[in-house]
Amino acid sequence: QVHLVESGGGVVQPGRSLSLSCAVSGFTFSNFGMHWVRQAPGKGLEWVAFIWSDGNTKFYADSVKGRFTVSRDNSKNTLYLQMNSLRAEDTAVYYCASLFIIRGGSQYGMDVWGQGTTVTVSS
Amino acid sequence: DIQMTQSPSTLSASVGDRVTITCRASQSISSWLAWYQQKPGKAPKLLIYKASSLEYGVPSRFSGSGSGTEFTLTISNLQPDDFATYYCQQYKTYWTFGQGTKVDIE
Chain E
1 QVHLVESGGG VVQPGRSLSL SCAVSGFTFS NFGMHWVRQA PGKGLEWVAF IWSDGNTKFY
61 ADSVKGRFTV SRDNSKNTLY LQMNSLRAED TAVYYCASLF IIRGGSQYGM DVWGQGTTVT
121 VSS
Chain R
1 DIQMTQSPST LSASVGDRVT ITCRASQSIS SWLAWYQQKP GKAPKLLIYK ASSLEYGVPS
61 RFSGSGSGTE FTLTISNLQP DDFATYYCQQ YKTYWTFGQG TKVDIE
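Top to bottom, those sequences are chains E and R.
Under the numbering used here, the first residue of the first sequence is numbered 1, with each subsequent residue one higher.
Under the numbering used here, the first residue of the second sequence is numbered 1, with each subsequent residue one higher.
Errors might be hidden in some of the hints.
Under the rule of at most 27 angstroms between Cα atoms (straight-line distance), these lysine-lysine pairs were calculated in the DSSO-like manner [claimed, not checked]:
(1) 65(E) - 102(R)
(2) 42(R) - 92(R)
(3) 102(R) - 92(R)
(4) 45(R) - 102(R)
(5) 102(R) - 43(E)
(6) 92(R) - 45(R)
(7) 43(E) - 50(R)
(8) 42(R) - 102(R)
(9) 92(R) - 50(R)
(10) 43(E) - 42(R)
(11) 50(R) - 39(R)
(12) 43(E) - 92(R)
(13) 45(R) - 43(E)
(14) 102(R) - 50(R)
(15) 43(E) - 58(E)
(16) 92(R) - 39(R)
(17) 39(R) - 102(R)
(18) 39(R) - 76(E)
(19) 45(R) - 58(E)
(20) 76(E) - 58(E)
(21) 76(E) - 65(E)
(22) 58(E) - 50(R)
(23) 92(R) - 65(E)
(24) 58(E) - 102(R)
(25) 76(E) - 43(E)
These aren't lab readings, by the way, just hints derived from the structure by calculation.
Isolated chain E, as found in the complex:
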């Protein structure tokens, strides 16, 4: 059974840093690209970051580029999100997920989500 379990959320002051983790089980983690998606209170879903299966390719939303860093440890089946220079607008539930991807005109991957971890940026 597939499980994605996020951790590391909490309350942090503006300008400070926080690191999130996502422990994965039930599938071959090293074969899949992984994402972070967030949802601000009462708002919609926002894609945040992607990392390819080998960790060598990463993409970020403009809203977090230069402040957030996605990484992974395939030996530990764990995905990470390092969040620096946090702002009030980064307050959200952060989900780790595996989503579909298109390469060479074909669809790959699968769609699975964790239950999320809450990050609150407030003084």
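Start from chain E and add chain R according to the hints.
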């Protein structure tokens, strides 16, 4: 960047109704579109992928159609469990979600 626009933002309906939600892409995404259902406090649940393919285990009252820039999600015979928020998502170029459509009880 590809923008996704859903309409309506809110939809009031009754059990047994047929409801349709529209999603428009700012440029062609072929059929690389997914639909999700989300309930409060829960992660999104995949309903439809590749615009019209029903995810395993999803009831057949859910259907998707469209290609290019215009897509629809249809729920026929709306059930009490279907009152939720629905999102479209393109995955042709990076990943972008629509702003959501809340289906509530009329």
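A quick look at each hint next to the structure:
1. 65(E) - 102(R): 30 angstroms, violated
2. 42(R) - 92(R): 25 angstroms, holds
3. 102(R) - 92(R): With Cα atoms ~25 angstroms apart, residue 102(R) and residue 92(R) stay inside 27 angstroms; holds.
4. 45(R) - 102(R): 15 angstroms, holds
5. 102(R) - 43(E): Given pair residue 102(R), residue 43(E) holds - Cα atoms ~11 angstroms apart, limit 27 angstroms.
6. 92(R) - 45(R): 19 angstroms, holds
7. 43(E) - 50(R): Roughly 25 angstroms separates the two Cα atoms, so the pair holds.
8. 42(R) - 102(R): Cα-Cα ~15 angstroms, so holds.
9. 92(R) - 50(R): 10 angstroms, holds
10. 43(E) - 42(R): Given that 27 angstroms is the threshold and the Cα spacing comes to 14 angstroms, the pair holds.
11. 50(R) - 39(R): 22 angstroms, holds
12. 43(E) - 92(R): Satisfied, since the Cα-Cα distance of roughly 23 angstroms is no more than 27 angstroms.
13. 45(R) - 43(E): 17 angstroms, holds
14. 102(R) - 50(R): 22 angstroms, holds
15. 43(E) - 58(E): 25 angstroms, holds
16. 92(R) - 39(R): 26 angstroms, holds
17. 39(R) - 102(R): Since the Cα atoms of residue 39(R) and residue 102(R) sit roughly 10 angstroms apart, the hinted pair holds (cutoff 27 angstroms).
18. 39(R) - 76(E): 31 angstroms, violated
19. 45(R) - 58(E): 25 angstroms, holds
20. 76(E) - 58(E): 19 angstroms, holds
21. 76(E) - 65(E): Status holds; Cα separation ~26 angstroms.
22. 58(E) - 50(R): Holds, at about 24 angstroms.
23. 92(R) - 65(E): 20 angstroms, holds
24. 58(E) - 102(R): Cα-Cα ~32 angstroms, so violated.
25. 76(E) - 43(E): Judged against 27 angstroms, a Cα distance of about 33 angstroms means the pair is violated.
The structure fails hints 1, 18, 24 and 25 (numbered hints given earlier, in ascending order).
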